[in-house]
Amino acid sequence: MGWIALAMLAVTSLELYLLLAVGDLLGFWPTIALVLGTALLGGYLLKREGLRVFREWQRALAEMRMPEEGITSGLLVLVGGTLLMTPGVLSDLTGILLLIPPIRLVVARLIEARVRARMERGGGVGSVFDFRVVTPQGAYGRRRVVDVDGVVVEDREVRAPGPPRARVGGEVLEGEVVDTTTRRLERGE
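Per the numbering used here, the sequence shown starts with residue 1252, numbered consecutively.
Worth flagging that the hints you see were computed from the coordinates, not collected in a lab. Glycine included, every Cβ here is placed at the ideal spot set by N, Cα and C. Do not rely on the hints blindly, as some may be mistaken.
Okay, the calculated beta carbon distance ranges per label pair [as the list claims (entries may be wrong)]:
(1) Leu1269 x Pro1353: 21 to 29 Å
(2) Val1357 x Ala1256: 46 to 54 Å
(3) Met1315 x Ala1290: 12 to 20 Å
(4) Val1262 x Leu1356: 37 to 45 Å
(5) Leu1271 x Val1366: 34 to 42 Å
(6) Gly1253 x Ala1313: 25 to 33 Å
(7) Ile1351 x Arg1310: 19 to 27 Å
(8) Met1317 x Gly1401: 24 to 32 Å
(9) Ala1284 x Val1357: 29 to 37 Å
(10) Arg1310 x Ser1264: 24 to 32 Å
(11) Leu1269 x Glu1371: 33 to 41 Å
(12) Leu1329 x Pro1353: 14 to 22 Å
(13) Ala1364 x Leu1271: 48 to 56 Å
(14) Val1357 x Asp1400: 15 to 23 Å
From just these sequences and the hints, can you work out the full model?
Structure (structure tokens):
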């Protein structure tokens, strides 16, 4: 978490430096006009691009197909417009780039590929197949499916008596299996 704070401090310092440099180059009032102009442009482009992406999603869903621009691209429209409304030269340039559709699609694909790679590796963002049951008594960790032919006698949550334990050693399987076909195993089977 410390590196995020450091990165934010560095970006803010760079933004301030660039804004002061532009102020020295253009003067005070033109710099103020530039900041306000990019904020208004950001709001307009955010609305226009956001509506365009939303309409494309609606059209694609009505035609029962996946939209060309996915959720990541839609989020990048939001980020780009927000960056344009934020005062600063670097944020304005980044915001403009994110609102240009071909550049946004490339950035979205790069982000999606990175997230997919992390998910396949099993790190960071987690996995779609990571089922965890969390109750007020604590997390039970990953559940594995045990498929058994039988009859469900009672479907209920089983809680161990006493206070919740933070750690359980080994694999724990709780349940009751009633076999409707009982047969005796003979020696040698």
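Outcome of the hint check:
no., hint, verdict
1, Leu1269 x Pro1353: 21 to 29 Å, "holds, 26 Å"
2, Val1357 x Ala1256: 46 to 54 Å, "violated, 29 Å"
3, Met1315 x Ala1290: 12 to 20 Å, "violated, 39 Å"
4, Val1262 x Leu1356: 37 to 45 Å, "violated, 24 Å"
5, Leu1271 x Val1366: 34 to 42 Å, "holds, 37 Å"
6, Gly1253 x Ala1313: 25 to 33 Å, "violated, 47 Å"
7, Ile1351 x Arg1310: 19 to 27 Å, "holds, 21 Å"
8, Met1317 x Gly1401: 24 to 32 Å, "violated, 40 Å"
9, Ala1284 x Val1357: 29 to 37 Å, "holds, 32 Å"
10, Arg1310 x Ser1264: 24 to 32 Å, "violated, 44 Å"
11, Leu1269 x Glu1371: 33 to 41 Å, "holds, 38 Å"
12, Leu1329 x Pro1353: 14 to 22 Å, "holds, 18 Å"
13, Ala1364 x Leu1271: 48 to 56 Å, "violated, 37 Å"
14, Val1357 x Asp1400: 15 to 23 Å, "violated, 51 Å"
Of the numbered hints listed earlier, those contradicted by the structure are 2, 3, 4, 6, 8, 10, 13, 14.
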